[in-house]
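Going by UniProt numbering, 92 is the number at position 92 of the sequence shown; the sequence numbering is gapless.
In short, the hints are calculated from the structure, not lab data. Check the hints yourself; a few may be wrong.
[Said to hold, decoys possible] Label pairs and their in silico Cβ distance ranges:
#	residue 1	residue 2	range
1	Ile118	Met62	32 to 40 Å
2	Ser95	Val120	16 to 24 Å
3	Asp29	Ser113	13 to 21 Å
4	Phe103	Pro20	16 to 24 Å
5	Glu98	Ser17	17 to 25 Å
6	Pro20	Glu79	29 to 37 Å
7	Pro40	Lys64	22 to 30 Å
8	Pro75	Pro20	39 to 47 Å
9	Ala77	Ala24	25 to 33 Å
10	Asp60	Met101	19 to 27 Å
11	Lys54	Pro109	13 to 21 Å
12	Asp28	Glu114	32 to 40 Å
13	Lys64	Ile118	27 to 35 Å
14	Ala71	Gly93	28 to 36 Å
[Unchecked claim] In silico EDC-like cross-links for lysine to aspartate or glutamate, where the CA-CA straight-line distance does not exceed 20 Å:
#	residue 1	residue 2
15	Lys117	Glu41
16	Lys64	Glu79
17	Lys64	Glu115
18	Lys35	Asp110
19	Lys117	Glu22
20	Lys117	Glu92
21	Lys35	Glu98
22	Lys35	Glu79
23	Lys64	Glu98
24	Lys117	Glu100
25	Lys117	Asp29
26	Lys64	Glu100
27	Lys54	Glu98
28	Lys117	Asp56
29	Lys117	Asp39
30	Lys35	Asp59
31	Lys64	Glu41
32	Lys35	Asp60
33	Lys35	Glu114
34	Lys54	Asp39
35	Lys54	Asp28
36	Lys64	Glu85
37	Lys54	Glu22
38	Lys117	Glu79
39	Lys54	Asp104
40	Lys54	Glu85
Here a beta-carbon is modelled for each residue, glycine too, at the ideal position from N, C-alpha and C.
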Amino acid sequence: MSVEDNAETASAETGSSIPPEELARLSDDIVSALKTVYDPEIPADIFELGLIYKIDVDDDRMVKIDMTLTAPGCPVAGEMPAWVENAVSTVEGVSGVEVEMTFDPPWTPDRMSEEAKIAVGWY
């Protein structure tokens with residue numbers, strides 16, 4: 001299920017005070033912002049690479065993102081969360097951003113979209 005679908009479902013199931021159409025717009029804009037952040041070693045954005053595991057938007061429009069890296073020893077491990085936070089914080093209506101790094105489950109190329117596989121020449 002896409003992040004957009006999850007956002008609309010979460011709103012309906014949790015009784016979010018954010019109207020569904022506003023939550024859908026926020027979700028779309030957050031995904032667009034994430035697509036501006038690139039892994040410096042792979043010519044594809046982090047969303048299409050499958051590095052974003054979860055996006056939650058609470059009633060106060062605080063965005064919480066669970067993400068991973070292609071490898072725990074990634075040279076930008078210390079910088080990437082700040083890049084994500086900076087990109088998402090530019091989205092209109094977002095009150096704040098928290099990025100949590102996780103390696104469980106570990107990232108595999110199976111998480112990549114077809115678009116990312118084409119971009120890196122794996123398709």
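Tested hints:
{"no.": "1", "hint": "Ile118 to Met62: 32 to 40 Å", "in the structure": "34 Å, holds"}
{"no.": "2", "hint": "Ser95 to Val120: 16 to 24 Å", "in the structure": "35 Å, violated"}
{"no.": "3", "hint": "Asp29 to Ser113: 13 to 21 Å", "in the structure": "19 Å, holds"}
{"no.": "4", "hint": "Phe103 to Pro20: 16 to 24 Å", "in the structure": "33 Å, violated"}
{"no.": "5", "hint": "Glu98 to Ser17: 17 to 25 Å", "in the structure": "19 Å, holds"}
{"no.": "6", "hint": "Pro20 to Glu79: 29 to 37 Å", "in the structure": "35 Å, holds"}
{"no.": "7", "hint": "Pro40 to Lys64: 22 to 30 Å", "in the structure": "24 Å, holds"}
{"no.": "8", "hint": "Pro75 to Pro20: 39 to 47 Å", "in the structure": "40 Å, holds"}
{"no.": "9", "hint": "Ala77 to Ala24: 25 to 33 Å", "in the structure": "32 Å, holds"}
{"no.": "10", "hint": "Asp60 to Met101: 19 to 27 Å", "in the structure": "23 Å, holds"}
{"no.": "11", "hint": "Lys54 to Pro109: 13 to 21 Å", "in the structure": "20 Å, holds"}
{"no.": "12", "hint": "Asp28 to Glu114: 32 to 40 Å", "in the structure": "20 Å, violated"}
{"no.": "13", "hint": "Lys64 to Ile118: 27 to 35 Å", "in the structure": "30 Å, holds"}
{"no.": "14", "hint": "Ala71 to Gly93: 28 to 36 Å", "in the structure": "34 Å, holds"}
{"no.": "15", "hint": "Lys117 to Glu41", "in the structure": "14 Å, holds"}
{"no.": "16", "hint": "Lys64 to Glu79", "in the structure": "17 Å, holds"}
{"no.": "17", "hint": "Lys64 to Glu115", "in the structure": "25 Å, violated"}
{"no.": "18", "hint": "Lys35 to Asp110", "in the structure": "18 Å, holds"}
{"no.": "19", "hint": "Lys117 to Glu22", "in the structure": "31 Å, violated"}
{"no.": "20", "hint": "Lys117 to Glu92", "in the structure": "30 Å, violated"}
{"no.": "21", "hint": "Lys35 to Glu98", "in the structure": "17 Å, holds"}
{"no.": "22", "hint": "Lys35 to Glu79", "in the structure": "16 Å, holds"}
{"no.": "23", "hint": "Lys64 to Glu98", "in the structure": "5 Å, holds"}
{"no.": "24", "hint": "Lys117 to Glu100", "in the structure": "25 Å, violated"}
{"no.": "25", "hint": "Lys117 to Asp29", "in the structure": "23 Å, violated"}
{"no.": "26", "hint": "Lys64 to Glu100", "in the structure": "8 Å, holds"}
{"no.": "27", "hint": "Lys54 to Glu98", "in the structure": "12 Å, holds"}
{"no.": "28", "hint": "Lys117 to Asp56", "in the structure": "26 Å, violated"}
{"no.": "29", "hint": "Lys117 to Asp39", "in the structure": "14 Å, holds"}
{"no.": "30", "hint": "Lys35 to Asp59", "in the structure": "24 Å, violated"}
{"no.": "31", "hint": "Lys64 to Glu41", "in the structure": "25 Å, violated"}
{"no.": "32", "hint": "Lys35 to Asp60", "in the structure": "23 Å, violated"}
{"no.": "33", "hint": "Lys35 to Glu114", "in the structure": "15 Å, holds"}
{"no.": "34", "hint": "Lys54 to Asp39", "in the structure": "18 Å, holds"}
{"no.": "35", "hint": "Lys54 to Asp28", "in the structure": "14 Å, holds"}
{"no.": "36", "hint": "Lys64 to Glu85", "in the structure": "10 Å, holds"}
{"no.": "37", "hint": "Lys54 to Glu22", "in the structure": "19 Å, holds"}
{"no.": "38", "hint": "Lys117 to Glu79", "in the structure": "24 Å, violated"}
{"no.": "39", "hint": "Lys54 to Asp104", "in the structure": "12 Å, holds"}
{"no.": "40", "hint": "Lys54 to Glu85", "in the structure": "14 Å, holds"}
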